[in-house]
Every structure is written in structure tokens, then in C-alpha cells.
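Undergrad: Protein sequences, first through last, are from chains A and G.
Taking the working numbering, I'd label the letters of the first sequence as residues 782 to 1034.
Taking the working numbering, I'd label the letters of the second sequence as residues 148 to 452.
Everything labelled a hint here was simulated from the structure, so no lab data went into it.
Every clue listed holds true.
The calculated DSBU-like cross-link candidates involving lysine-lysine, where the alpha carbons are at most 30 Å apart (straight line), are: (1) Lys220/G <-> Lys1031/A; (2) Lys876/A <-> Lys164/G; (3) Lys327/G <-> Lys206/G; (4) Lys876/A <-> Lys300/G; (5) Lys255/G <-> Lys876/A; (6) Lys790/A <-> Lys286/G; (7) Lys790/A <-> Lys255/G; (8) Lys201/G <-> Lys1031/A; (9) Lys1032/A <-> Lys300/G; (10) Lys1031/A <-> Lys206/G.
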Amino acid sequence: MSGYIAFLKKEFIEDTRNYRLLLMLGLYFIFGVMGPLSAKFMPELIKTFSPNMQIIIEEPSALESWTQFYKNVSSLGLSLTLIIFSNCLSNEYTKGTLTIMLTKGLSRPAVILSKFSSIAVIMTVSFWMCFGVTYGYTAYLWPSEELSHLLFAAFALWMSAMLYLCILMFGCVLFQQAFASILFLLVITLIFSLLGMTDLLSAYSPSFLSSKNIDLISGTVTISEFAIPITISLIMSGVLLFLSITVFNKKQL
Amino acid sequence: MSILTIDKLSKSFGAQKVIDDLNLTVPEGSIFGFIGQNGAGKTTTMKMVLGLLKADSGKITVCGETVTYGHIKTNQQIGYLPDVPEFYNYMRPLEYLALCGEISGLSKEETRSRSNELMSLVGLDGVKKRMSGFSRGMKQRLGIAQALLSHPKLLICDEPTSALDPVGRKEILDILQKIKGSTTVIFSTHILSDVERICDHVAALHNGHIAVCGTLSEIKTLHKRDSLLLEFTRSEDIKKFTSDNRIVPLLAHSEKNNTEIIIHGSNIEHIQHTVISVLAEASLCPSKIEIVEPSLENLFLEVIQ
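Kindly generate the complete structure, drawing on both the sequences and the hints.
TA: In C-alpha cells form, the structure reads like this:
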């Protein structure tokens, strides 16, 4: 346990001094502001730059602002997060920094758990800050509009982000190079979205959590439909984390 | 008492057998030189002792406890200095030692006092910059400090001097000499002069097993071939000397060039008597007569052939 805490502290120092923390906070802050801002001003921008085009543009709304939020965070935001943290283990492998730590008596599970915890904490803080910014700004721009299930919809996306972090951890343990773990992640994402396309499995696929958020807010799907994908994601995250530890225990360094 | 015992250790990487039935015993309190060519399997052996690599077969015991791959119990007795120690570049040396101390389970107070003590032992006291600006020599010295932090009974150094300039090498050897007595040191290298300078025990690794092992003097005596070197100023003198009837039987194992001859034999006194009487009778004056001491380098070359 003391090894876990010591290494967790080291991870936070690393993320701070290597600007990963700053990058994450900055990135998610921008995403938080961008959603409401683009929803509000995109129609005007389009009108200004192409005055002759006939485009039917809907009136800016709070729902549009949240649509932007989910679009940005679930695609670009999550991808960049995973890229930022993709070298969390490969750096230690290639440089050999971990060898000394392990010979000092640091347990191998503590390495994986502290790396996962630090990334999860940074992701969680950045994500909910982004949510807060979007929430506040949207409420400021469209004070009269009331939307339901905002918190739960965001929770579903956060849950899926946690699952992706677990997949990344497993990829990092399996492969020595960062790009290989990204590739691994890409393959899994592809499988998830293929599952999401089939009628039979779409309601169970973890991709449900990152694609149906707006449908929940607009009322086309209900909270109860999220129960199975959330349970599946939770189980998968646990299994992946367990597998990461098991494989890492057997890894020759 | 032995601090490390390796019994019938074997390890293959794919089809290549790197370690083959290796047996080794390291006595407590010694500075143990572990020599071998590049790729002989020194690092592999050390990593198996540290539980970082899995042995195919065999048993390793550190301070009476068996080493299990992936487990850390025996590592608490061992300090390890990798060949090129790499640290977290964004940290400062004292921060790094604090991290090491916390992982080893030392108290904050103990870590602080021990860090200061070790930083001055390795000549890094007062260095506060981040480790990204460290030279190789500085990294090697900090490597020794981290390895000694928790008072290990055994210090394993993997080629600590190979990548350093002569000054850096001398500094590292001096530090190792300083800790002699309080910690047993295993020191792998292919620089034989380093071994001769500080080690009292030596083992040479060749073809995956120990080719020769013992104290430095034992090995030298065991492999001693008495040799007498004679140097003449003129080549005619050497011709005259070697054509003498009493000298000819001694030349079976000799090395000769224009002005120099080295006579090898099992009885140096007999060789000396014969040579001196021949020189006196033939009125030959060599410019140099010397008994050649066996060097570790010659022994090593002999062993690996």
C-alpha cells in the first residue's frame, strides 16, 4: 500500500511537470467553452461567410450546445486524452526507469493501479470541469431552457471514458510501444462501434454510453436503457484492469 | 557464510541457451568480480537474482531466502545499480531518493538523513538541479546512492564503469572501495583492471557457466605459469643464447621475437639457474631479466579459449 501511494505521488509529479495535467485541463476547458459558443454563434458565422447560400439553420438552443459538448468530448477529447497518456508505461519500459523501482520492492500491481488511478483522477477532474463550464455557460446563454437528465447523460460518457482508460492500460501492458497500444485501442473501438451497428447488440454495446447521451436529454431514450451497457462497461473495466495486472505480473523486464 | 548462492541455473531466450547449469557462491563481505565478455550472460544472471527475469531451472538463494520470479521479498536485501541507470528526468536527486525511501518502507526522517549521507559519499551533495541535466557519471553516482539507500546486505552493480571516462571510473571504484566491509558487492564487468583493483573474489562466466571461480590470489596461483622474460639489445645475442644446448629443452613453450624471449615452464627456479649459468658462461648481458606475473587478462583469455 505504501508503494502504491508513493508511486501515485510520483505519477502526479510526473503529470504536472510534463505538462500532461495542464494540457488536459486546458483542453477540456476549451471543449467546455466551445460547445455553447459554437451553438450560439455558428449560425451567424455561416451567414456572414456565405451570405448567398440557402441553408436551413435551426435556432441556437441549449440542446445544440450539449450536442456540441458530447460530439467534442466523445471524439476529439477522448482521443487526445488517450494519446496523451499512451506512453505512460512504454516510457518506463524503454528507459528502464521501472527496473530500479521494482528492485526497491515496489509491487507490480501497485505500478498498474497507481498509473490507472492518476490518469483516472486527471480525466475525471478535467471531464467534470468541462461539464461544469458547459453547464454554466449554457444556462447563461439560454436561461429559460430546461433540460432533463443532464447529469446522468454526462455520467454515462464519463463511465465510457473510464472503460477506454482500462483498455488503454491493458494495451500499454501488452505492448512495449505507445503506438501499438493506440492501435490496440483503435481495434477495440472499431469492434464496439460494429457491435453498436447491429440491431441485436446495439443496446448492450459500451458504445451506447457515448452515443446516446443527447437522445437521453432530448427524451428519445430512457435512463433504464443505460442500465445494461453501464453494467457491461463496469464488468469489462474490472476485468481489463485485472488482466492488466495479471499480464504485467508475468512480464519479464 | 555465503550471501548469494546460485544452484544449477539455466535460462534460454528462444533457441539460444544463455545460462547453462550455472553454480556460484558469493561469500559475505567480499567484493565479487563477475567477469565475462559482452553477451556472456552477466546481466541476465543478475536480473534473475533480482527476480526480474524468470529462470528456466535452478535455484537462487539470497541471505538464505529463495528468490521467486516477480516477488519482492528478497529484493529488500539487495541494492541494484543497472548498467546505465535511468531516472525520472523531471525529478531532483533528493526527491528521487525520497521516492526510493518511501517505496523501500524507510521512515521520512531516516530517508532524509541517509540521503544526505549518501549524497556526500557519492560526491553529489549540494546538487539540486533536475536529473535531465545529469551527466553519465553523475547518474552512475546517484545510481550507487539509490542502491545503498536502505542499507542492503548485497549490492549488485552491472558494469558500473563500462561507460565512463577514466576519472569517472576511478570515482566509482573509490566509492565501491569505501563501502567494502559494510556491504557485499557483486560487480560485473569486462574491464579486468577494475577487477584487479578492487575485487577480492572473481568468477569468469563463459558459455553460460562459470569457467573459473575463487579469490583473486587463488586463481592467479592456480593458473600460474612460471615465465621468465629476457631482453637483449642485439639479435645476435639472442641467437647465441637460444642455440645453447642447455637452453634448447626450455624453449618448448616460449615466445620469441628479435630481441626478446619469454620462457614458460613449471619450475621457475630451475629455469633461472640454467639461464643465469648459460648467460655467465657465454658472457651474454641481457638488458632485462624479469619474472612475469600472470595477469588477469591472460588468465581470462586462457579460460575463454
